[in-house]
Amino acid sequence: MNLIDIRNLSIELTTGTKPIFAVDRVNLTMKEGEVRGLVGESGSGKSLLAQAIVGVLDDKWRVDADRFHWRGNDLMRLSPAERKAIISKDVAMIFQEPMACLDPTTTIGEQLEEAVDVEQLTGFFWQKRQQRKQAAINLLHKVGIKKHEVCVKSYPHQLTDALCQRVMIAMALARRPILLIADEPTAAMESTNQGQIFRLLASLNQLKNMSILLISHDLENVTHWTNTITVMYSGQFVEAGTTEQIFNQPYHPYTRALVDSSPKANRLIPNKSRLMTLPGSIPILQHLPIGCRLGPRCPRAQQKCVHAPKIKNFHGHQVSCHFPLKDSYS
Amino acid sequence: MLIFTLRRFNLFVFTMLLLTILSFSLSFLFPGDQLVNLTGQVNASPEQLAILSDKYQQNTNIVSQYFSYLTHLFHGEMGYSMTSHLPIATEILNRLPATIELTSVALLVAMFVGIPMGFCAAIYHRKVPDNLILTFAMIGYSIPIFWLGILAILVFSIQLGWLPSAGQISLLFEIEYVTGLQLIDILLSDSEYKWQAFQDATRHLILPVIVVALAPATIFVRLARSAMLEVLDTHYIKAANAKGLTFSQIIYRHAMRNAIIKVIRDVGLQFANLITIAMVTEVIFSWPGIGRWLIESIYQRDYTAIQGGLIVLSSFIFIVHIVTDFVYAALNPLAREPQHGA
Numbered sequence: 116m117n118l119i120d121i122r123n124l125s126i127e128l129t130t131g132t133k134p135i136f137a138v139d140r141v142n143l144t145m146k147e148g149e150v151r152g153l154v155g156e157s158g159s160g161k162s163l164l165a166q167a168i169v170g171v172l173d174d175k176w177r178v179d180a181d182r183f184h185w186r187g188n189d190l191m192r193l194s195p196a197e198r199k200a201i202i203s204k205d206v207a208m209i210f211q212e213p214m215a216c217l218d219p220t221t222t223i224g225e226q227l228e229e230a231v232d233v234e235q236l237t238g239f240f241w242q243k244r245q246q247r248k249q250a251a252i253n254l255l256h257k258v259g260i261k262k263h264e265v266c267v268k269s270y271p272h273q274l275t276d277a278l279c280q281r282v283m284i285a286m287a288l289a290r291r292p293i294l295l296i297a298d299e300p301t302a303a304m305e306s307t308n309q310g311q312i313f314r315l316l317a318s319l320n321q322l323k324n325m326s327i328l329l330i331s332h333d334l335e336n337v338t339h340w341t342n343t344i345t346v347m348y349s350g351q352f353v354e355a356g357t358t359e360q361i362f363n364q365p366y367h368p369y370t371r372a373l374v375d376s377s378p379k380a381n382r383l384i385p386n387k388s389r390l391m392t393l394p395g396s397i398p399i400l401q402h403l404p405i406g407c408r409l410g411p412r413c414p415r416a417q418q419k420c421v422h423a424p425k426i427k428n429f430h431g432h433q434v435s436c437h438f439p440l441k442d443s444y445s
Numbered sequence: 002m003l004i005f006t007l008r009r010f011n012l013f014v015f016t017m018l019l020l021t022i023l024s025f026s027l028s029f030l031f032p033g034d035q036l037v038n039l040t041g042q043v044n045a046s047p048e049q050l051a052i053l054s055d056k057y058q059q060n061t062n063i064v065s066q067y068f069s070y071l072t073h074l075f076h077g078e079m080g081y082s083m084t085s086h087l088p089i090a091t092e093i094l095n096r097l098p099a100t101i102e103l104t105s106v107a108l109l110v111a112m113f114v115g116i117p118m119g120f121c122a123a124i125y126h127r128k129v130p131d132n133l134i135l136t137f138a139m140i141g142y143s144i145p146i147f148w149l150g151i152l153a154i155l156v157f158s159i160q161l162g163w164l165p166s167a168g169q170i171s172l173l174f175e176i177e178y179v180t181g182l183q184l185i186d187i188l189l190s191d192s193e194y195k196w197q198a199f200q201d202a203t204r205h206l207i208l209p210v211i212v213v214a215l216a217p218a219t220i221f222v223r224l225a226r227s228a229m230l231e232v233l234d235t236h237y238i239k240a241a242n243a244k245g246l247t248f249s250q251i252i253y254r255h256a257m258r259n260a261i262i263k264v265i266r267d268v269g270l271q272f273a274n275l276i277t278i279a280m281v282t283e284v285i286f287s288w289p290g291i292g293r294w295l296i297e298s299i300y301q302r303d304y305t306a307i308q309g310g311l312i313v314l315s316s317f318i319f320i321v322h323i324v325t326d327f328v329y330a331a332l333n334p335l336a337r338e339p340q341h342g343a
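Residue numbers (this note's numbering), protein chains in the order written: chain E, 116 to 445; chain F, 2 to 343.
FYI, nobody ran anything at the bench for these hints, they're computed from the structure.
Think of the CB as a built atom: it goes at the ideal place given N, C-alpha and C, for glycine as much as any other residue.
Hints are not guaranteed to be accurate.
What the hints assert, rightly or not - What follows is a set of in silico ranges between Cβ atoms, one per label pair, in the way DEER data are often shown:
#1 E:Gly406 with F:Ser249: 38 to 48 angstroms
#2 F:Arg337 with E:Lys146: 45 to 55 angstroms
#3 E:Met116 with F:Tyr253: 35 to 45 angstroms
Using the sequences and the hints given, assemble the complete structure.
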């Protein structure tokens, strides 16, 4: 059974004149224990999608989906309160800027303690207090923070970014989630710290069978850590498949360009040659092209592309393009 | 924290220095003889004036004159009132407690009413409660104080007869002077009509406090509302939401503390405003405070009193300012860091 199954999810920005589809009919499925990468440029709607899954979007966004199943439950039929109860029990999210996501006036310990689920505690309230403290310390140990006495007493501004991110992960683990959504967990971090955070996530996946949705703008970086990848462009679904499929045989022109633009990913290119890029830049929300949003930049675009393409499935490798590159690899 | 305290103290010393320079220069700028303005000895004989001139080092240069003025100030000698011929220090000591009582109660009322209302408005952003509270804030802020005070007396004292219109306490009660703060003195006294006196003093306090507190409360409403909206929009509230906390948990544990910090910063600033309002209100309600005394001194051209009142009132405002700074630092861990100590 799929852990999460989203079909045609749209996120609409309600403005005065006409609604803007910031995310336009995106599909996402995840199995249990899977690490899926969600890749796209900044502004491609990947963070929005993640926040829509967790349900923390503001009132100005409207979420709509043909299917939104969580372990077989249809979440679209539930009221927002029921949906929040289910989601906050099983799904946790860590955000881009860990420092900004911790309350600056509350100590780390207090913030960790309040994340601990009540159901894990037993006994009277004074016993629960003690258990909460212990649970917070255990969580810190779990994410590799050994000096828990210092950490529990400090305020977020006294810790480094990487430590804050570890605390955020600890907080996310407090409810023992089945799915962890990591929204660019290593943005603005040094590469050594990046490695530590990714290794921590990978070990959690292996030891606890926790599924992870890893959101990143950096295709090359996530390939080391993911089983499957979904690519988005400008709020539209582009391509999904296993990491090998996406990386070695991308069917969509956009993914092809993404892979080619990375020097390490594509070792075939000679030294000092120009990297492949697509002309133009990602369209702004006010002026989105009709049909396939890559159309104006796509090297393979034809007249048909003014209509949004249907998703084609080649043995689990899904691609949303009228003219996929499938035949060019035989 | 030590650096923080030292910086505040430093600021206090320098501001007082400037204030005393201003007050000293006023004695030159006011019409009449400078020595008379400074001491308030209007009917002194030439011999007495000679002694005074010696005491205030009138024959030396202006800097040592200023320092001799400072020395007198530190000894609590602010001269004599030109009208009542009493020492200014005694006059102020008799009146300042009443003002402290009125303004501190009004400040507390303004904070405890205004800040929760502002939070409420922010939580129900762009809904009916928000609009109602904003309307109230707009109206309350626009009403002139002198008009509101007279209206309050007309309605509640004269027409309805619920509350007394003037003074601090009914003349029937005799309260021993201990601290000068009427309510505390009543509680300390061993009179058998203690509770009646307390009730009476509270009834006297209600109308002036409401009049003084109204405008600051409306400012607090708006400050608290915008602070809360700002906080509710931050990442850590979103993260707390994703953590699975309920809305009320988020408000009570995270949003309120962060929003209050932003408001506390401005309380000290608003206090100066509140003192001005209190001065006008004291005149309307015949409150025996320093504000009314100062305004009367201005009418009577009592230059010595004006100088003394200026110094005392401004240092009072300044002390409240520093106290709010310390409360701010106690609430906000970021402000306690040395690099944010400014």
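We went through each hint and held it up to the structure:
A hinted range of 38 to 48 angstroms holds for the C-beta pair Gly406 of chain E and Ser249 of chain F, which are about 46 angstroms apart. A beta carbon spacing of about 49 angstroms between Arg337 of chain F and Lys146 of chain E agrees with the range 45 to 55 angstroms that was offered as a hint. For the pair Met116 of chain E and Tyr253 of chain F, the supplied restraint of 35 to 45 angstroms holds, since their beta-carbon distance comes to about 39 angstroms.
The structure fails none of the hints (numbered hints given earlier).
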